[in-house]
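*Asks:* The primary structure of each chain is shown beneath.
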Amino acid sequence: MTARLLFVFCLLSSALGPLNAREAAPTAADVAVERRMVAISEELRCLVCQNESLAGSQADLAKDLRREIREQIQAGRSDQEILDFMVGRYGDFVRYRPPLKGATLLLWFGPFLLLIAGLAGLLMFLRRRARRVAEATLSAEERKKAEELLGIGDRGNGP
Amino acid sequence: MNRFLLPLGIFIVLVAFLAIGLNLNPREVPSPLIGKPAPAFVLPQLHQPEARFAPKDLQGKVWLLNVWASWCVSCRQEHPILVELAKRNIVPIYGLNYKDPREDALRWLKQFGDPYVLSIADVEGRVGIDYGVYGVPETYLIDKAGVIRFKQIGPVTQDVLEKTILPLVKELQQ
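Going line by line, the protein sequences match chains A and B.
Here the first sequence stands for residues 1 to 159, where the numbers follow this note's numbering.
Here the second sequence stands for residues 1001 to 1174, where the numbers follow this note's numbering.
Among these hints, one or two may not hold up.
Here are some chain A residues pointing at chain B (derived, C-beta under 8 Å) [stated by the list, open to error]: (1) L65; (2) E81; (3) Y90; (4) F93.
No lab work stands behind these hints, which were simulated from the structure alone.
Keep in mind it's a predicted model, so treat the numbers as computed, not measured.
Every residue, glycine too, gets a C-beta built ideally from N, C-alpha and C.
Extracted from the complex, chain A is given alone in its bound form (with noise of 0.2 Å):
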């Protein structure tokens, strides 16, 4: 009874499997289309959702913007001009790897700047305590004493 039931569940659902889906397949041309629109977007930032890229939010502008990039494909468009169209609009922020140019120097060198700083200043700390070491020489009287601290000096003492 159960197996029958489930036999025409299975069917059913099936059947209907198709019925839910909701996007047609692609057809070839698609393919491509899609492909390069996944590979801009993945190149720009959601400005809804700052931390995802377009291509994998799920914002109503997202869904818009791709949109538009695939539209811009089909009519031509190359990836510089689409690129170009997007930041004409919302400013190089949409980009996930800026250009470099007068305000983003700081943005592309800051990191390296701050690395040869630390580096400096590491040289500078090892070079000092070096010449600190080199100065600890002992006078006769703190060679005695340390032996004898150490038990290397006098017997007596020695256990």
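Position chain B against the provided structure of chain A, taking the given hints into account.
*Replies:* For chain B alone, kept in the frame of chain A given last:
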């Protein structure tokens, strides 16, 4: 004493940078459209879909373009301020109804008041893309030559209105 001065200096600089960074609003991305001509479009009006509106109809006027939608929660927050502003007759406000079904938009205006000279229906959100809209509400101040002079991202507050928008309007109207 002296050997603490350098680390302390670095610490203070770091704190200053972090303080500035934490007080910036990451949602406010400067628009590249400031100082550029407002993108052209022709769209049907919300109340009379047969009638069209284009920004060039307003050449020679200083005006506000307010992007709004009935589904937008912050729009309710700024709406009373816009309604008040409209009563003062200083600057005309035009509404860009963004991605909104017509009936919802009309009901919303009936419920909360209509400060707009007219609203334009951007059902597909294409004009919104041209204007770089990413967080409704947004408000653009457009000068007599049709150039965008200021953009408010998020709700217009009384403070922004009095301290930034209205002085700029006065300056541009001269």
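*Asks:* Was the hint right that Y90(A) lines chain B, CB cutoff 8 Å?
*Replies:* holds (5 Å)
*Asks:* Does the closest beta carbon of chain B sit nearer than 8 Å to the beta carbon of E81(A)?
*Replies:* violated (15 Å)
*Asks:* Do the numbers back the hint for L65(A), that is, is its least Cβ distance to chain B under 8 Å?
*Replies:* holds (7 Å)
*Asks:* Min Cβ distance, F93(A) to chain B: is it shorter than 8 Å?
*Replies:* This interface hint holds because 5 Å falls under the 8 Å limit.
Hint 2 from the list above is the single one not met by this structure.
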